[in-house]
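2 protein chains.
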Amino acid sequence: MTILTFKLNENLFLKDPQNTELGQNIISKSVEMIESLGFELFTFKKLAEEIGSTEASVYRYFENKHRLLIYLIDWYWTWLEYRLDFEINNVIDPEERLRKCLKLLTQDVKANTQIAFVKEETLQHIVMTEFEKTYLTKQVDSDNKEGLFLPYKAVCKKIAAIVLQINPKYPFPHSLVSTALLALTHQIYYAQHLPSLSDIKYDAKKNNKKLYEFLEGFLFNTIRK
Amino acid sequence: MTILTFKLNENLFLKDPQNTELGQNIISKSVEMIESLGFELFTFKKLAEEIGSTEASVYRYFENKHRLLIYLIDWYWTWLEYRLDFEINNVIDPEERLRKCLKLLTQDVKANTQIAFVKEETLQHIVMTEFEKTYLTKQVDSDNKEGLFLPYKAVCKKIAAIVLQINPKYPFPHSLVSTALLALTHQIYYAQHLPSLSDIKYDAKKNNKKLYEFLEGFLFNTIRK
DNA sequence: CGTTTTAGATAGTAATACTATTTTAAATAG
DNA sequence: CTATTTAAAATAGTATTACTATCTAAAACG
Numbered sequence: 001m002t003i004l005t006f007k008l009n010e011n012l013f014l015k016d017p018q019n020t021e022l023g024q025n026i027i028s029k030s031v032e033m034i035e036s037l038g039f040e041l042f043t044f045k046k047l048a049e050e051i052g053s054t055e056a057s058v059y060r061y062f063e064n065k066h067r068l069l070i071y072l073i074d075w076y077w078t079w080l081e082y083r084l085d086f087e088i089n090n091v092i093d094p095e096e097r098l099r100k101c102l103k104l105l106t107q108d109v110k111a112n113t114q115i116a117f118v119k120e121e122t123l124q125h126i127v128m129t130e131f132e133k134t135y136l137t138k139q140v141d142s143d144n145k146e147g148l149f150l151p152y153k154a155v156c157k158k159i160a161a162i163v164l165q166i167n168p169k170y171p172f173p174h175s176l177v178s179t180a181l182l183a184l185t186h187q188i189y190y191a192q193h194l195p196s197l198s199d200i201k202y203d204a205k206k207n208n209k210k211l212y213e214f215l216e217g218f219l220f221n222t223i224r225k
Numbered sequence: 001m002t003i004l005t006f007k008l009n010e011n012l013f014l015k016d017p018q019n020t021e022l023g024q025n026i027i028s029k030s031v032e033m034i035e036s037l038g039f040e041l042f043t044f045k046k047l048a049e050e051i052g053s054t055e056a057s058v059y060r061y062f063e064n065k066h067r068l069l070i071y072l073i074d075w076y077w078t079w080l081e082y083r084l085d086f087e088i089n090n091v092i093d094p095e096e097r098l099r100k101c102l103k104l105l106t107q108d109v110k111a112n113t114q115i116a117f118v119k120e121e122t123l124q125h126i127v128m129t130e131f132e133k134t135y136l137t138k139q140v141d142s143d144n145k146e147g148l149f150l151p152y153k154a155v156c157k158k159i160a161a162i163v164l165q166i167n168p169k170y171p172f173p174h175s176l177v178s179t180a181l182l183a184l185t186h187q188i189y190y191a192q193h194l195p196s197l198s199d200i201k202y203d204a205k206k207n208n209k210k211l212y213e214f215l216e217g218f219l220f221n222t223i224r225k
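Protein chains in written order, with my numbering: chain A, 1 to 225; chain B, 1 to 225.
Check each hint, because a few of them may be wrong.
Copies of the same chain look alike in the list, so a pair counts if it fits in one copy or across any two.
Said to hold, decoys possible - Below, in silico cross-link-like pairs of lysine-lysine (DSS-like), each with a Cα-Cα straight-line distance of 30 Å or less: (1) Lys210 to Lys7; (2) Lys157 to Lys45; (3) Lys100 to Lys145; (4) Lys133 to Lys46; (5) Lys145 to Lys201; (6) Lys15 to Lys209; (7) Lys145 to Lys209; (8) Lys7 to Lys100; (9) Lys65 to Lys100; (10) Lys145 to Lys210; (11) Lys138 to Lys65; (12) Lys201 to Lys169; (13) Lys138 to Lys103; (14) Lys225 to Lys158; (15) Lys15 to Lys225; (16) Lys138 to Lys201; (17) Lys210 to Lys138; (18) Lys209 to Lys138.
Read the hints as simulated data drawn from the structure, not as lab findings.
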């Protein structure tokens, strides 16, 4: 078991939470609480109560809860990119590379790689429900200028490059990959909450196979033309 | 020019806003204000000030701003379904039907059909940025039980049926269509705000052609296999 | 024409999202 | 070792938000 830490964009925090115990508690407890309460009902006050500190102390680390959310989600995408690299390392055939990516993406996270202080499964859930909220805001352009969405873009770029290897003439690699990534999170959510929007059945253990088939089908058929 | 009104789910409002002048003002001003402020910063108090009324009066119509948002967005999808029916009426060939749908979906709304009290272009913008927020909440299941998401589901179902006509053996028609609808809103948003996630260039007038090509490519290639 | 109903206004409250200031603790300098 | 600086964290606020309970005025009805 390897313990990973990532260096995240410094604009995200006022004080690096990885360096102190309070900071680490903020990270790990906020993951749990955003999962259980949902982002809207999650507040710094409730968080502070849970970790036996105060609201103002949390504000020393993060300007507001929106930045904390982006911090957590950036962590997820950074971690995913790391795992993608690991997975496709030494695989030469681009189609095989793309398949490996898809397999990793549709896999449920297991507790075999440990991000310091964070429950990976919970973080994956948060990404599913809260990711869109990071950028569907009025401040998207200024947040973007600060580089807050770079980790997600990096993942998209990496997979789009593989798509282009498969078919250098395909004109929409980034659109296709960002759409596939959207589909990934949304289809699992739909299966659970709005089943008529999906053909994938929710199954606490293994909805993943069908999801893989769906994504593989639409990616490869679209790319190869 | 036809003036349309739609009967929406009664669970959405406490008092039908279509029946009174205040109600109509609430609808039309809230569309403008959600567009300009974004949903997060939009409040009933600000709205009431704008229309020269009071917060409490707005609360007589809508339980909270979340329901008002769903009301507006349901209105959009209901209207879209109506236009889809209109568009594919008398077209027999299913591939042609799907193409007609796509054309309509990627078209910018023009002011040729008028929803009472609502600016259609503005409403379309709101759907782009705020739609996801209607269902990515902790109350999704109870909202869904009340039928609040039926208009969107109806659109998805209608297009999925066409997909099945083209290829009755395709196993993921609903997933494919809900993914395409997501792509539709998101690609336009990406083009404007996060361009590296898309290959479609933002152009105030006509980003639509490329978007059409992208969607057509990935739909038809996936369906036909 | 009086009474019920209902629309809308007034005046609150608890919680949220912060800030400014003070206290406490740790680090370094003499 | 103390004395001073620096920084972390707690206390105590404020403006705004998201509501609710109550009241008044006008329309609808018997």
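Quick rundown of the hints versus the structure:
Neither within a single protomer nor between protomers do Lys210 and Lys7 lie at most 30 Å apart by alpha-carbon distance, with minima of 35 Å and 37 Å respectively. In this assembly of identical chains, Lys157 and Lys45 lie within 30 Å of each other by CA distance neither inside one copy nor across copies; the values are 38 Å within and 43 Å between. Neither within a single protomer nor between protomers do Lys100 and Lys145 lie at most 30 Å apart by alpha-carbon distance, with minima of 32 Å and 38 Å respectively. Taking identical chains as interchangeable, the C-alpha atoms of Lys133 and Lys46 lie at most 30 Å apart whether they share a chain (20 Å) or sit on different chains (23 Å).
In this homomeric assembly, Lys145 and Lys201 come within 30 Å of each other (Cα to Cα) only across copies, at 18 Å, whereas the closest approach inside a single copy is 39 Å. Taking the closest pair of Cα atoms, Lys15 and Lys209 never come within 30 Å of each other, the shortest separation being 42 Å inside a single copy and 46 Å across copies. In this assembly of identical chains, the alpha carbons of Lys145 and Lys209 lie at most 30 Å apart only when taken from different copies (28 Å versus 38 Å within one copy). In the homo-oligomer, the alpha carbons of Lys7 and Lys100 lie at most 30 Å apart inside one protomer (26 Å), although the nearest pairing across protomers, at 48 Å, exceeds that limit.
In the homo-oligomer, the alpha carbons of Lys65 and Lys100 never lie at most 30 Å apart, since the shortest distance is 35 Å inside one protomer and 43 Å across protomers. With identical chains, the CA atoms of Lys145 and Lys210 are at most 30 Å apart between copies only, with a shortest distance of 26 Å across copies and 38 Å within one. Proximity of Lys138 and Lys65 under a CA criterion of 30 Å is satisfied in both settings, with 15 Å inside one chain copy and 17 Å between copies. Taking the closest pair of Cα atoms, Lys201 and Lys169 come within 30 Å of each other only across two copies (18 Å); inside a single copy the shortest separation is 35 Å, beyond that limit.
In this assembly of identical chains, Lys138 and Lys103 lie within 30 Å of each other by CA distance solely across copies; the values are 29 Å between and 35 Å within a copy. With identical chains, the CA atoms of Lys225 and Lys158 are at most 30 Å apart both within one copy (21 Å) and between copies (26 Å). Neither within a single protomer nor between protomers do Lys15 and Lys225 lie at most 30 Å apart by alpha-carbon distance, with minima of 49 Å and 52 Å respectively. Taking CA atoms no more than 30 Å apart as the test, Lys138 paired with Lys201 passes between copies only; the shortest distance there is 20 Å, against 35 Å inside one copy.
Proximity of Lys210 and Lys138 under a CA criterion of 30 Å is satisfied inter-copy only: 26 Å between copies versus 36 Å inside one chain copy. In the homo-oligomer, the alpha carbons of Lys209 and Lys138 lie at most 30 Å apart only across protomers (27 Å), although the nearest pairing inside one protomer, at 37 Å, exceeds that limit.
Checked against the numbered hints given earlier, the structure breaks hints 1, 2, 3, 6, 9, 15 and satisfies all the rest.
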